[in-house]
Structure formats: structure tokens, C-alpha cells
Amino acid sequence: MATKLKEVDAVIVGLGWTGGILSKELAEAGMKVVALERGGVRSTEKDYALPNIRDELRYVVRHDMMQNTARDTLTVRNNPTQEALPMRRLGSFLPGEVVGGSGVHWSGHTWRWTDMEFKVRTLYEERYGKTFIPADMTIQDWGITYDELEPYYDKFEYTAAVSGKAGNLRGQVQEGGNPFEAPRARDYPLPPLTPILASEMFTAAAKDNGYHPFPRPSANASRAYTNPDGSVFGACQYCGYCQRFGCEANAKGSPHLTVIPIAMRNPNFELRTHSWVTKVLKDSDGKRVTGVTYTNILNGEEFEQPAGIVLLCAYAINNVHLMLLSGIGEPYDPVAQKGVIGKNYCYQTGAGATLFFEGKYFNPFMNAGGSNATIDDFNINWEFDRAKAGFVGGYNVAGGFNTVLPIGYRPVPRGTPQWGKAWKAATAKWYQTAMNIGASGSVMANRYNYYDLDPTYRNAFGQPLMRMTFDYKENEHKMGRHAAKVINDIAKSMNPTALNEATARTEPWTVVPYQSTHNTGGTIMGTTPRDSALNKYLQNWDCHNLFLVGANVFAHNASYNPTGPVGALAYWAADAIKTRYIKNPGPLVPA
Amino acid sequence: MNDQGFGRRDFLKGAVGTAAAATTARSLTPADAHAQQPAAAPPASSADGYSFLNLDEAAFVEALVDHMVPADELTPNGTDIGINIYIDRALAGGWGKGDRLYMQGPWKTGVPSQGYQLPLTPAQLYRAGIAATNVHCRKTYGKPFDRLDETQREEVLVGLSSGKISFEDGLPVRVFWSTLYQTVIEGMFSDPIYGGNRNKAGWRLIGFPGAIAVHRENVEKYRGKKFPSDPVSISDMS
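Line order of the protein sequences matches chains A and S. Oh and the first sequence: position 118 is 117 in numbering that gives the first Met the number 0, straight run, nothing missing. Oh and the second sequence: position 159 is 158 in numbering that gives the first Met the number 0, straight run, nothing missing.
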């Protein structure tokens, strides 16, 4: 039987960016906070230090900082008629499992999602009519606005040391920034990163083609920086080992060097590592939760941790899994289109070209996590006519590199042999003289893309695995064709020696190879309990003392990387809890 | 060390002196010597023994990596840069034993988009795949892979990589091939601490600087210019 522990004010499940932000904020508000993290502590000094951090095999190929599928994984299928089978090893996405979570091994791309996402149904119906959105596309408004979130984006950007160039300061478009971005109150805390040749060439070509390139905002400190909390950052070293790695220079905005150590110094906060939460406990009246049960995975001992508030801050997938395992809220049913837990799982799509320039040295081993120039002309540019393009959503296009190491990255022109002398010669010739242009595209929610519990397979704790049902739909295929053409047109205008053209994907989504750790939805925020799991403060509609923080709250997925709104929403929810909820516990939005 | 590997196998099998074993062009060419010049001597041969591969498997892997990575002016051959040693260690270690692999049944084939679904650890897959490939080779050419000539080896690899060969025992050839290929690449381009990429030959081939600490100054200084790389490995910095 589980040992019942003393009640605390708040228990936080998972200690990455969101758990770290909530831990710090709530502990500072005087609450007794316990954080439960599956992984162990790793530090820059001992673990992300030279020389051992520079190990592609260990960190990229063998997933040293990632979740272990031997213990828990998902089952996957492309549609409800298939039998789901376990994802037996990681591939398509890579959730982290250490103190700091995926915030340690991300690249740092930090975007502000706008009302084009938050008011997606309203805006598209207003402009394109009620029939433009396909019937099975279950997109809906998120219940929040950009203006509400703006100060929290700002707070996250200043905490995480984001380098970039404002494109719109209080309504004034700024030269050199992203002209399509929503107004911001002030510029980024740090100037843009030093451009690399590939991003410079992309910038020039994009301009020539009439587009509006800008440096990608990224939580890689372009110079030494101390954030408003006093956390100290070193300057980015352009070492080329960013994505999948902890930062040796403390230059990447990561929770383990910002919010988490601040929480750790607060006597109100306690961290328990190697603690695997198996269930959120519901009160008998169904209107509150009472705490969580967890297992100490060092010895198998089980505990019950009672808490006044429960915050699920694990990776997006695991937050949804925990809700389904705990029986909180009605599981989503795609046939009846009822229920909310598991609804609107989304992913991202993309296309890419490789350009070969004989004799031009791109030095692909010298880059920051965000050494990309980007265009948003087909993304958050509302002037881009979706009726003509025939799809909802958008994609950003970028040129540059981040973390292209030689086990995984050895570009050769299509048709090159895969081994032997000719392969070696081509690999030697092109490794340094090629660059990429890639698009990252949104995925709109679809009725048949969702999570539920698998009927067959179980994890190491004897619990059902979560089942992911996902595939790209016609909307994404149309977007992919559009993106491939734009990429190829830009690429051809650059006159490369050889070009591996971008092609739109036509195959079903597959669990290999790596694509993107941008899994969203499953417990979405929204305006009513009928069609969402959480209100705009990320508070569960059923149990008012349960909050879920992470990309699992996104009602659909945009083209952008998710961490910007993930961080901003964490600060937004923390504020609502501190200033309103603890004074008057109950629903923050009437159901 | 290839020659040693072959010799040991042949000696133990009492098969010394077959023409095939002697025709695999393993003598050190001037190109090898040239490619090995820039850096220090390879690590001591005491690290070269096999801890997973049996004699047949070792002969297969040695022949495979020398065919895929033949010596020329760009690199020494695959065994001389330790790709076979990398593979052996990877198979003997945690990865080979499937330490992060979900290994609970039921086992079903599924569809390709569902990824790896075999009830085999990577080491078991490798072992079964080598055996099945050698069955194919004996049937087609009358001898195992390591005794084939270069043209025959090429035919086999094309057959494996394109899926034109199918294994009689039901092992999916593409799954075997993708694992085989991935491990050869890893053995060529991972840090030398894992036993391959000896003398950083893989990194030298492409001009990858390795475990270098900083590029903050270089990013402007070498923008558009070739970086003068003498690669650094983890052990160089340890």
C-alpha cells in the first residue's frame, strides 16, 4: 500500500520549463510546493561539460537524455481502423527525462503565437465563410487572446535570454524584424545571433523573391546576460551541439539554470527526483482532486502525496496519459464526437530542399540553436490568401543550420551511391558545401487524430499505454505542395550546383525517423467544458484545483515551435493561481 | 587486424589457404599509409578483440565494412578505422541488448509507419541477419559473404538495400539492412571512444572538427571559408 504523506499546498508533476516556472512562482507566493520528477538531476558543471557533452552517438543517436521506451511508450496507428502497435523505440519525437526536461535539450526557438491561432475559427469563418473549414477539421478558439498573453511572452523571453529583432514595436513595424508579428511592448532582451553564410544567402534570396526574412528568435544568448531573476547566462559559442544537448556555456535558456535553482533555494519548495506519478486522485464528489500517487523508481516504494492543488507539468503526451489513467474528464470519442480528454492531438509537417554549392564553405558545424533566417509570408501573414492556396494554417520557411552532426547529416545529391568510393568522395565533397531550406507547417486539429488508452499494451507499472491515432489530412498535403514549390523557387533562384528539391510528403505519418518534438493537444483549453478540458487559465473544468500546463493545452498546432506559448501560458496560469485562485479557490471561469 | 581476423578464423576452421581468403585485397596500400599520416598511431591493438561477434560474424562484418568503406586516398578501409570494432562493442553493449527497447508482446508485423516491431534485440537481429545473408550467399554463390569477390559482395549489398533479396526464414531484410547501414555509419562518424572512427578518419574525410569547444570567433572569421580542421575527439580532451 502507498504510504500517505503530509499534505502540501501544491504538487507539481514534472520539472521542466512549466514545472520550473510554476515551482518558482508558487513557492515565492508562500505556498508549500513539492515537485515530482521521473528523471534525475543533471548539472551544467558535471553533465553538460566538455568534453563529454560533445557526443553525437550518446545524445542524438542513443537518446541519453530522453524517455526510455522500455518503461513507458505509446501505441501508434494512422487511423481508427488500424490496430495500434507500440512505438518500441523513440524516433519521430523525443521527450526529455531529466530535471529541466526538454528545456535542456531544445534548440531555443521562441515564437509568439498570435490570435491567428487563438481565434482560429472565428477569424477564418469571418474572412472565408463558414464552409471553408472542412467538416472534420475540429479547430476551435482557445479562449485566450494575444493581448492577454503579451506580458507573459515578454516575461518568458526575458527569463530565457531570447536573442532576436523586434518586427513590430507597439504597432510600428521595425526594419530587420518580422513584419508580420503581433505588436510587442518592447524588443527582445538580446540582439540577434551572428548570422552564418547559409542564413545570409537565404536572406538575400528571400528578399529577391519579394519575401520578408528576419533572424529567428532563439533562446541562445547572443552575448553574456543576466535575466531579471538574476540568473546568469554565458554567451553562445556557436558550437554546433545544441539540439539534444545540454549547453556547456549556460547560453541556452533552460530551466535548470534559471527558474529551477531559484525554486530550489526557496525553503517552501521540495524536489523529489526519480518519482513516477501513476495517478491523480479524484475526490469523492468529483469536483476536486486530492493529490497524486507516485512510485520511487529507485526502490519501487509507493507514496500518496495529498495536495491542495495538483499541477500536471510533464511532457505534453504524459499529461494527457495521466488524465486518461486517472479517469478525470470524459475521454474523447471520435465517432460520437463527445468527450474531451484525448481530443485534438496535433503534430507538425514540413518539407525541405538541400542546395549544393561547389566550393562554397558553409561550415555546418558552426551554428547556434537558432542560426536560421526565416520568412513568415505564408504563416502569420493574414494577407496570404488561404482561399486561393486551399488550406487552413500556414508554414514558415527557414534557411540555415542548427545541430547537423555527421552521423545524421551527410548531404549528397540524389542518386549518389550509399557506400563505396563514390559515396565517400561525394560525402567529402558536399558535407561542408551544402545548405538547407526547410518549411515547418501547422497541423490543424482533425476529428480522427486523438489519444485514448490502448486496450492491449501496458507499461512497466502495469498501466495501459496511451494510444496515438494520427495522420496528415488533405489540408496538410495541400500545404506541403505549396511549401515545396515556394522552397524550390527560392532554391533555384540561388543557382546551386545541384539541388535535392523539396517534395510534399504523401506517405502516412510514421514513427521513424525523427521529425519534431512538437506534440500538442489532448487536454485542450477552450471556452466551454463541452468542447475543451481546460478553461483559459489552464484549469480543469471538472476539478477546479487541477491545472495542466504544456503544449497539451493547445487546441491545434501552428507552424511555430511551441515553447514560447508554453512558457508564457505557464506564467499566465501562475499569475491566475497566485492572484485569484488561492484567495478564492473555485472555478476561475464559470462553466 | 583484418588479416589477423581472417587468419584466426581460417586457422580455427582448418581452412587456411583458400584462394578467396587471400584475394580480399587487404594489404596496406600507399593510399592507406598516406591517409594515416596526419595523426598519431591508432590505439593499441589490445582493444581489438571481439566481445559479441563469433568467427563467422566477425568475418562477415569485416568484409562488409571493408566493402562499404574501401581504402583509397580519402580514408583507410573500414576495418582499419575500426568500424568492425565499433559494431562489435555496440552489439555487446546496452544498445545491442535492447536496453531502451519496449520488448513486450504481443508481436505483430503492423504497417511500416509503426516502426520496428520485431521481437529481437539489435544484437539478435544482427546475428539472425548475418546468418540469413550467408544462407543467401551460399545458395547463390556457394560460399559465405566474406568469401565473395567484390562484384558479388556489391550484388549482395544492392540486394539487401533494395529489398530484392528476401530471407527464407522470414526475417525482414529491410529492417536488417537499415540496422546494418546505421551501425556502419555510426562506426565511421561517432567519437573514437566507441572504437570506430579510428584516428578520426571519418571526421577527416569530411572536415568535421569533432568535439571542439567554441566557434564564437570562428563563425565570422571563417564565414564562407574553409575551416582548417584537425579534428579533436573526447579522448583528446580527457
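In case anyone wonders, no lab produced these hints; they're calculated from the structure. Possibly wrong hints are sitting among the right ones.
[Said to hold, decoys possible] Label-pair ranges, simulated between beta-carbon atoms:
(1) A:Pro-454 / S:Glu-216: 22 to 30 Å
(2) S:Lys-225 / A:Glu-301: 39 to 47 Å
(3) S:Pro-111 / A:Pro-178: 57 to 65 Å
(4) S:Lys-138 / A:Thr-505: 34 to 42 Å
(5) S:Lys-225 / A:Asn-78: 48 to 56 Å
(6) S:Pro-111 / A:Gly-419: 25 to 33 Å
(7) S:Ala-212 / A:Thr-225: 46 to 54 Å
(8) S:Ser-237 / A:Asp-186: 54 to 62 Å
All residues carry an ideal CB built from backbone N, CA and C; glycine is no exception.
Could you check the structure against the hints above and give me the numbers of any it violates, in ascending order?
-> 1, 2, 3, 7 and 8
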